[in-house]
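Peer 1: Taken in order, these protein sequences are the chains called A and B.
Sequential numbering of the first sequence, starting at 6, is according to our numbering.
Sequential numbering of the second sequence, starting at 5, is according to our numbering.
Any given hint could be a false lead.
Mimicking DSS-like on lysine-lysine, the simulated pairs with C-alpha atoms at most 30 Å apart in a straight line are [claimed, not checked]:
id : chain 1 : residue 1 : chain 2 : residue 2
1  : A       : K32       : A       : K82
2  : A       : K59       : A       : K32
3  : A       : K65       : A       : K8
4  : A       : K8        : A       : K94
5  : A       : K59       : A       : K100
6  : B       : K186      : A       : K65
7  : A       : K94       : B       : K186
8  : A       : K135      : A       : K59
9  : B       : K56       : A       : K8
10 : A       : K82       : A       : K136
11 : A       : K82       : A       : K8
12 : A       : K145      : A       : K94
13 : B       : K56       : A       : K65
14 : A       : K32       : A       : K8
15 : A       : K59       : B       : K56
To be clear about the criterion: a stretch of chain B counts as covered by chain A if any three or more of its residues have a C-beta under 8 Å from a C-beta of chain A, and this derived list gives those stretches [unchecked claim]:
id : stretch
16 : 62 to 75
17 : 92 to 103
18 : 124 to 130
19 : 190 to 201
20 : 213 to 227
The following label-pair restraints were derived from C-beta to C-beta distances [said to hold, decoys possible]:
id : chain 1 : residue 1 : chain 2 : residue 2 : range
21 : A       : L79       : B       : G189      : 46 to 56 Å
22 : A       : V69       : B       : F48       : 50 to 60 Å
23 : A       : R78       : B       : G189      : 47 to 57 Å
Hints listed in this document are in silico derivations from the structure and should not be mistaken for laboratory results.
All values derive from a computational prediction rather than experimental measurement.
Built from N, CA and C at the ideal position, the CB exists for glycine as well.
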Amino acid sequence: MNKRTVDLWVGIFVAIGIAALFFLALKVGNLLNFKEEKNGYEVMVRFDNIGNLKARAPVKSAGVVVGRVERIRLDPKTYEATVRIHLEKNFQFPKDTIATIFTSGLLGEQFVGLEAGGDSVMLQDEEWIKKSQSAIQIEKLISQFLFNQAQSGSNGAPANGNAPAAAGVKP
Amino acid sequence: MNGFVTGVANWFIGIGEATRGGITRLGFATRFLLAVIRASGSTFLRPRLLIKELYHAGVLSLIIVLMSGLFIGMVLALQGYETLVRFGATEAMGVLVALSLVRELGPVVAGLLFASRAGSAITAEIGLMKTTEQLAAMEVMAVDPVARVVAPRFWAGVISLPLLAALFSTLGIYGGYLVGVKLIGIDGGAFWGQMQAAVDWRYDVLNGVIKSIVFAVAVSLIAVFEGYDATPTAEGVSAATTRTVVTSALVILALDFVLTVFMFRGSI
């Protein structure tokens with residue numbers, strides 16, 4: 006085997022090995038946020054509660070992916086979550102679009118759903134979506150349900166056989 | 005009665021001899037490691053030898069490691085989908101594939117493959133050099149065989165295996181991406197996004213690299229030691245080669261358990 010050929014192969018081996026280490030640290034381990042090239046526009050929206058929404062979650066309209074969640078921050082004044090959304094440029098949405106946080110499946114990941122309104126003026130880059138609806142929190146639903154059960158139990162109304170659950174949470 | 009006592013005594017003598025032999029070999033291996041490290045100054049002063057061994061240990065193991073990584077990643081994605089789809093959590097496939105590869109499968113399987121592909125070759129080579137008295141001839145010529153033959157092979161193994169493990173994990177994740185996103189049709193953004201949210205570069209990636217470095221030292225030491233320690237006959241070399249593969253596999257799996265307990269205890 007020629008000396009130069011051995012050198013070449015060892016060089017290639019070490020180089021791609023180190024490249025793999027960098028790939029694992031950067032792309033998989035997310036050491037730095039890789040920015041994909043921009044091709045579209047960005048809008049912002051406020052939510053009271055985003056649940057488990059993560060950056061890079063899909064943004065869907067009528068079930069079709071139209072963009073990605075770019076960044077999530079907490080507004081330090083209003084204590085609302087501000088979500089920055091990147092939308093593809095061939096999808097235009099009216100100004101009165103409603104943004105909602107949905108969950109795919111029972112335990113699946115959360116995504117932002119956009120429901121287009123009837124306004125004739127379209128959203129522009131760096132504009133705010135005014136209307137939003139927060140994520141549904143299962144814990145809150147359950148506690149509300151139990152609370153209602155407890156209330157109906159203490160009022161003397163028949164508890165429809167759910168009395169054991171109500172007895173447990175009665176204050 | 006007397007014969008029974010002698011039999012029991014012989015049995016215990018057998019255990020004692022085996023234990024003493026094992027400890028003695030371990031002691032030899034440790035002293036051998038120190039001798040290799042002491043002799044490795046000349047290895048780095050003459051990188052030509054090291055590069056040649058890097059070619060044999062690393063480059064020639066590339067194909068098997070890359071192909072195994074790709075297929076293991078694809079199988080992980082297929083089997084993971086089977087379970088995840090029941091909970092409607094198929095987007096978590098990126099997390100599943102990446103964490104299993106980076107934390108466990110990458111270092112362990114790459115280590116096992118390396119032991120059988122390169123470790124056995126190193127043992128056979130050094131063992132045959134000993135059998136044909138090449139090592140003795142070097143000593144006669146005042147060339148230290150540990151510095152000339154053993155140290156370059158040891159360091160080539162130590163350098164190659166972490167790189168191979170990283171390549172294994174990378175190809176595995178790409179294989180998981182191919183099956184999960186391209187074949188099954190999971191959302192690509194969720195695949196990468198959830199993966200990046202779940203995999204921490206220090207906790208997961210760096211610990212995986214540390215694992216692969218520990219395995220690299222263990223496998224390389226076992227390979228060179230078994231070769232150097234082989235009985236200088238054709239039979240002895242073949243037995244030493246087998247021992248390299250078996251011992252390496254057991255040591256990798258045992259070390260992996262110990263390291264996992266220390267590294268990832270919080271998340272069990």
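Peer 1: Each of the hints needs a verdict: does it hold here or not?
Peer 2: Quick rundown of the hints versus the structure:
Restraint check for A:K32 and A:K82: not satisfied, since their Cα atoms lie roughly 33 Å apart, outside the 30 Å limit. A C-alpha spacing of about 16 Å is found between A:K59 and A:K32, which places the hinted pair at or below 30 Å, so the restraint holds. This hinted pair does not check out: A:K65 and A:K8 have alpha carbons roughly 57 Å apart, beyond 30 Å. The suggested pairing of A:K8 with A:K94 is violated, with an alpha-carbon distance near 53 Å, which exceeds 30 Å.
For a cut-off of 30 Å, the pair hint linking A:K59 to A:K100 stands: about 24 Å separates their Cα positions. In summary, the hint linking B:K186 to A:K65 is supported, as the alpha carbons are separated by about 20 Å, within the 30 Å threshold. Under the criterion of a C-alpha separation no larger than 30 Å, the hint pairing A:K94 with B:K186 is consistent with the structure, at around 24 Å. Between A:K135 and A:K59 the alpha-carbon distance is near 21 Å, which keeps this suggested pair within the 30 Å criterion.
At most 30 Å may separate the alpha-carbon atoms for a hinted pair to count; B:K56 and A:K8 meet this at roughly 9 Å. Under the criterion of a C-alpha separation no larger than 30 Å, the hint pairing A:K82 with A:K136 is consistent with the structure, at around 19 Å. Note on A:K82 and A:K8: the hinted pairing is violated, with a Cα-Cα distance of about 67 Å set against a maximum of 30 Å. Of the pairs offered as hints, the one joining A:K145 and A:K94 is violated, with about 37 Å between alpha carbons and a cut-off of 30 Å exceeded.
Pair hint B:K56 plus A:K65 does not hold up; C-alpha atoms about 55 Å apart against a cutoff of 30 Å. Restraint check: the Cα-Cα separation between A:K32 and A:K8 comes to about 35 Å, which exceeds 30 Å; the hinted pair is violated. With a CA separation close to 48 Å, the supplied pair A:K59 and B:K56 exceeds the 30 Å bound. Residue count for the stretch 62 to 75 of chain B with a Cβ under 8 Å from a Cβ of chain A: 3. That meets the three needed, and the coverage hint holds.
Check on the stretch 92 to 103 of chain B: 6 of its residues sit with their Cβ under 8 Å from a Cβ of chain A, so the three-residue criterion for coverage holds. Only residues whose beta carbon comes within less than 8 Å of a beta carbon in chain A count, and the stretch 124 to 130 of chain B has 0; fewer than three means the coverage is violated. Check on the stretch 190 to 201 of chain B: 9 of its residues sit with their Cβ under 8 Å from a Cβ of chain A, so the three-residue criterion for coverage holds. Only residues whose C-beta sits within less than 8 Å of a C-beta in chain A count toward coverage, and the stretch 213 to 227 of chain B has 1 of them, not enough to reach three; the restraint is violated.
Between A:L79 and B:G189 the CB atoms are about 34 Å apart, so this pair departs from the stated range of 46 to 56 Å. For the pair A:V69 and B:F48, the supplied restraint of 50 to 60 Å holds, since their beta-carbon distance comes to about 58 Å. For A:R78 paired with B:G189, a C-beta distance near 32 Å fails the hint of 47 to 57 Å.
The structure fails to meet hints 1, 3, 4, 11, 12, 13, 14, 15, 18, 20, 21 and 23 from the earlier list, while all remaining hints are met.
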